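**Q** For reference, the chains in residue letters:
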Amino acid sequence: MKGDIVLEAKDLTRHYHIDRGTFRSPAVLKALDGATFTLAKGRTLAVVGESGCGKSTLARLVTMIEKPTSGMLSISGIDVRTADRATLMNLHKTVQIVFQDPYGSLNPRQKIGHALEEPLLVNTPMGKKERRDAAMNIINLVGLRPEYYDRYPHMFSGGQRQRIAVARALMLNPNIVVLDEPVSALDVSIRAQILNLIARLQEQFELAYLFISHDLSVVKHIADEVMVMYLGKPVESGSRDTLFAKPHHPYTRALLSATPVADPFRVKERIVLHGELPSPIAPPSGCTFHPRCPSMTDICREKAPETREIDGCRVACYHPKIYP
Amino acid sequence: MGCVTPSIQNSNVPKRAMPLLEIDNLSVTFQTAGGLFTAVDRVSLHIEPGEIVSIVGESGSGKSVAMLALMGLLPWTAGVTADVLRFDSQDLTTITKPQLRKIIGSQMAMIFQEPMTSLNPCFTVGFQLTETLKIHLGMNRAEQKRRAIELLELVGIPEPEKRLSAYPHQLSGGMNQRVMIAIAISCNPRLLIADEPTTALDVTIQAQILDLLLKLQKEKGMSLVLITHDMGVVAETAERVFVQYAGQQVEQQSVKGLFVSPHHPYTQALLNSLPERSHSRILPSIAGIVPGQFDKPRGCLFSPRCHYVTDLCREKPPIAGPVEFGYALCHYPLAEGVPTNYPEEVRA
Chain A
1 MKGDIVLEAK
11 DLTRHYHIDR
21 GTFRSPAVLK
31 ALDGATFTLA
41 KGRTLAVVGE
51 SGCGKSTLAR
61 LVTMIEKPTS
71 GMLSISGIDV
81 RTADRATLMN
91 LHKTVQIVFQ
101 DPYGSLNPRQ
111 KIGHALEEPL
121 LVNTPMGKKE
131 RRDAAMNIIN
141 LVGLRPEYYD
151 RYPHMFSGGQ
161 RQRIAVARAL
171 MLNPNIVVLD
181 EPVSALDVSI
191 RAQILNLIAR
201 LQEQFELAYL
211 FISHDLSVVK
221 HIADEVMVMY
231 LGKPVESGSR
241 DTLFAKPHHP
251 YTRALLSATP
261 VADPFRVKER
271 IVLHGELPSP
281 IAPPSGCTFH
291 PRCPSMTDIC
301 REKAPETREI
311 DGCRVACYHP
321 KIYP
Chain B
1001 MGCVTPSIQN
1011 SNVPKRAMPL
1021 LEIDNLSVTF
1031 QTAGGLFTAV
1041 DRVSLHIEPG
1051 EIVSIVGESG
1061 SGKSVAMLAL
1071 MGLLPWTAGV
1081 TADVLRFDSQ
1091 DLTTITKPQL
1101 RKIIGSQMAM
1111 IFQEPMTSLN
1121 PCFTVGFQLT
1131 ETLKIHLGMN
1141 RAEQKRRAIE
1151 LLELVGIPEP
1161 EKRLSAYPHQ
1171 LSGGMNQRVM
1181 IAIAISCNPR
1191 LLIADEPTTA
1201 LDVTIQAQIL
1211 DLLLKLQKEK
1221 GMSLVLITHD
1231 MGVVAETAER
1241 VFVQYAGQQV
1251 EQQSVKGLFV
1261 SPHHPYTQAL
1271 LNSLPERSHS
1281 RILPSIAGIV
1291 PGQFDKPRGC
1301 LFSPRCHYVT
1311 DLCREKPPIA
1321 GPVEFGYALC
1331 HYPLAEGVPT
1341 NYPEEVRA
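Quick note, the sequences are listed as chains A and B, same order.
For the first sequence, position 171 (counting from the first letter as 1) is numbered 171 according to our numbering, and the numbering increases by one without interruption.
For the second sequence, position 331 (counting from the first letter as 1) is numbered 1331 according to our numbering, and the numbering increases by one without interruption.
In short, the hints are calculated from the structure, not lab data.
Certain hints may be false.
[Said to hold, decoys possible] No farther apart than 20 Å at their CA atoms in a straight line, the calculated lysine to any residue pairs in the SDA-like style are these: (1) A:Lys220 <-> B:Asn1272; (2) B:Lys1218 <-> A:Phe156; (3) B:Lys1296 <-> A:Met155; (4) B:Lys1256 <-> A:Val261; (5) B:Lys1162 <-> A:Lys111; (6) B:Lys1296 <-> A:Phe156; (7) A:Lys129 <-> A:Pro146; (8) A:Lys111 <-> A:Thr82; (9) B:Lys1256 <-> A:Arg266.
[As the list claims (entries may be wrong)] Computed footprint of chain A on chain B; a stretch qualifies when at least three of its residues, placed anywhere within it, have a C-beta under 8 Å from a C-beta of chain A: (10) 1047-1053; (11) 1102-1113; (12) 1281-1288.
From a predicted model like this one, the values you see are computed outputs, not experimental measurements.
Virtual Cβ for every residue (Gly too), placed ideally from N, Cα, C.
The shape of chain B in the complex, shown without the other chains (with noise of 0.2 Å):
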């Protein structure tokens, strides 16, 4: 499928009044051996001050590539265009360098899913804590020294001043998020993106974490971006969801609202297929898998999986939406678990 279409899709999404992250029909493509490969396809995302978002999709949905070239950190090879890229009112698409830098690792920061790997082993936590401080905000060793422990403080490390000279494999994975959340918020970002920042971790540290991320966003005002597959830490924390398929983004909904009546037939399935809330031995399952490179069907890209597929769903690709239904990108929105305008012949 090709990745360069007209934007049609999500050119009904109204504009609010200054929004912090403004991103429309942001696509990422990789030029594979197989041809051209849209790992991000056309998906917009807008981010109030002091909001909690999150996204949320399976592997391979393009969640983690959205927000990675957001950050400027994918590799050269990958193809980002976007109509707009916005932040804070800079635009993206056209800023220098040094200066996407300046905003980069402070204004905007990111948490990384392995927090083992995402720390350099051979240098000390307070050295790679310090370093964003010095870069950023050009401060001396001495402030360096107290506002790296007091970060550490800040993060729930005990004994931060003995733990500043500690290498990353003497801390356990919980304390190593920790060291890596203190890094993100150390030039106090507006924008805060947690990459899973919980699913290396056990489920009593995951708690006391994702509690320490909603707490930092509470005190420091800032808005926070969580890309999951955990539908359940998407219930417990976020505000507004977005639901990620292949790519695409296919709903977006209020937390509460997505949980009782999802619009896209993709986050009723996989609602319905989850353990707690099924009260039979059998769960629903979604039959068949995510569509890869070179099988991606012709019109939508759930047509092969879906529940309520017609000719009309593996002909053409649908357009998002009406704000009404999530914006959810299907030729038959779910409204309270019921397809609307439904074929007739097909029902029957």
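The following block holds chain A by itself, in its conformation from the complex (with noise of 0.2 Å):
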């Protein structure tokens, strides 16, 4: 049904250990600290943030490509840490991932027909001919044509391709899609090609979407929630619609203004961050944004603010914007 929860993180983390040579000890690098969210049947969760924020190992986490450090993630009601390798492979099948390059990550060497079947090949008993339809069958969904089947990745444009990688991300039905930034390589008028394909598929498959992005104007269009990360922490979530018509942390605040909005006579709010983010590894006190934040007080550099519920928004700051 649509709304059923299919993925729960809580507290999730991730951290990785850093060698730096023999007379350093390693560092710790703490690339998602604290993340949590849940996901639903049929709705898109989108994650927002800078390079460096973590969203990428998210991607790892939510597809378990990697174990978290700590932190509960359930998927499908399955706890990933706790669960046997069988029930893994199981899971593994229904989390599927859309990558930003559509010239990387298909292979050059490899016929479109058969970077589609591979996944089959894997995971299915199914044989030559069952998969040959179901390709076909997947081709004809996304928009393509039938005998692109037996044609290299070389030949299609930037578009088509993440048409395919799309294509091969649903071979196996999966229940949650991790779109990483799936439409930022594309050009304007294929974006919006690649965007309606998404919201088409989803709506027919009631597809749980993991968006990964940092063009905010994107994420409004297609979210019905939205996390905004900084330095690994999750610093601001909630309802789409909330949190674009009431920023209240300052880093969502300066995020939004920072982001060009294709209207000429809009007078907005110039919040222009000085600085530039942090190195991961030895992160600010306290508040991981104090150095780069407006509003910052003492208090900011002490101690890392706890996470409160302000007008349905779960936000992590000592001074953020009220609106009346």
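Since each chain sits alone in its own frame, please combine them into the complex, following the hints.
**A** In structure tokens, the structure reads:
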């Protein structure tokens, strides 16, 4: 049913140990540090943030390419950390991913048909004919022509390749599809085509999307829920409408004001953040955003803020903007 | 499609008093294994001193190639032709190479898309910055260093003295782009061409870089040409916009006019397909893809994807319209979103 929770994460963390040579102790890189969210069937959760904020680490955890360091991750009601091998094998099929770069994610020496059939070959007992039928079916579904079955990736444009990547993700009928910046490498006119395809497929198969992006205008269009991340931590999350109408966290507001909007008449609040993203190996003390924050006070430097609920959004800030 | 056609197009561009840059009917062709490929097809550009102009288009629309041709940065395999190519009333088509080298880099400078790859990884930032100062301005070492520090300060790099001895890999993408900007503005150019200066950067860094470019443009009174594919960046920075499609200039307008009432069907479709301008879940997308070398249509290049296509569009290439239609390269330029002179039988 639409609305059923298919993915639940609680205080999900992923730390990496980084070797820094013989004379220095290894450092801990907190790529993801305490993410809590749920994802329901037929809904889209967008994860927004700049490079290095842990978006892609989150994608790797959700697709079970990596195991979380701590915290709980349950997919379709099964806890990933405690599940046995056989259960995990089955679980892997229900979560698929579409990558950002359609030029890098397809094997140039593999025909499209073969690329599409490979997941079936590995994961199902289907025969040759069945696999071919399934591939043809999906080729048709994503708006490609049947003769593309025997072609190589270099014969396609970026938009068509991204369609192929989406098709391949759907071969095993997943419940959850992780879309890792699926349209950021595409041109504007092609971007709309792919966004439409994604929206149509979601309706048809009641897919749950984890949509990772840095482009807020796309997120505003496609997401139901939005989670804004900064240095591995979610700073604000909530429904799309509330978050875009009433951004509370200073980082969310800065991000919104920095995103160019195609409207030359709009007068907007201009918050230009100074400086750059600090190194995640040595994150700032207290609230990690404080060195760049316009409303920073002493407490921000000392202690990390707790997440609290304001207007239905979960905000981690001492000085959120309060709307009347 | 042949590239050498008589230049009837854009002959109606009015001649203003002394523009900084004048380009009329610039074409760039490449000899490829599959025949002659026209990357830029009769593009005209007039830029006044102190103006911010944006060239917008998708990949393959020839926006970068046109500017690279102007800068003389294309390989010898490229065939560049132009009726007029004039910078600050100097004719760039007849000028000698040594004279051209004096203009490029000092009077006319360019910032490239990928800061990480356009800086040389083998040399320090300071070396690459002072090189320009040495060659164009003939400064001695002490002056070079002083000016380099001043420039890095100007583009907002903290601790400029220390940064001079840093290599590009030691700096972030945003910092490298600032260094690129510092190099470009080091000789106080009159024209700065920024080729997708923020595409590889995060949004908050993009805002910083765009603000910096606008600030420098205002302070120094430079003309700025911003090449981009991002309609949001266009709306927030430019004053005048040129829209390119498949190597042709399809429309030019003031930025406000363009967003309110686009005259070319391509511009209209492009604006409609932006997620932020749409209210429905399904976006009005443009079907098909940009034509390549081998599938160029006979008539209007946009005809296979156009909403308003007629037999005339498929048969005959359009000529540029009048100024009130933004020189739209269309048989039926749009007014208030509706095509003009549109045949009744097709409308019905």
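**Q** So, for every hint listed, does it hold in this structure?
**A** Here is how each hint holds up against the structure:
1. A:Lys220 <-> B:Asn1272: This hinted pair holds, its Cα atoms lying about 16 Å apart.
2. B:Lys1218 <-> A:Phe156: 44 Å, violated
3. B:Lys1296 <-> A:Met155: 17 Å, holds
4. B:Lys1256 <-> A:Val261: 13 Å, holds
5. B:Lys1162 <-> A:Lys111: Outside the cut-off at roughly 52 Å; violated.
6. B:Lys1296 <-> A:Phe156: OK: Lys1296 of chain B and Phe156 of chain A at ~17 Å, within 20 Å.
7. A:Lys129 <-> A:Pro146: 15 Å, holds
8. A:Lys111 <-> A:Thr82: 38 Å, violated
9. B:Lys1256 <-> A:Arg266: 11 Å, holds
10. 1047-1053: Answer violated; 0 residues pass the 8 Å Cβ test.
11. 1102-1113: violated (count 0)
12. 1281-1288: holds (count 7)
Of the numbered hints listed earlier, those contradicted by the structure are 2, 5, 8, 10 and 11.
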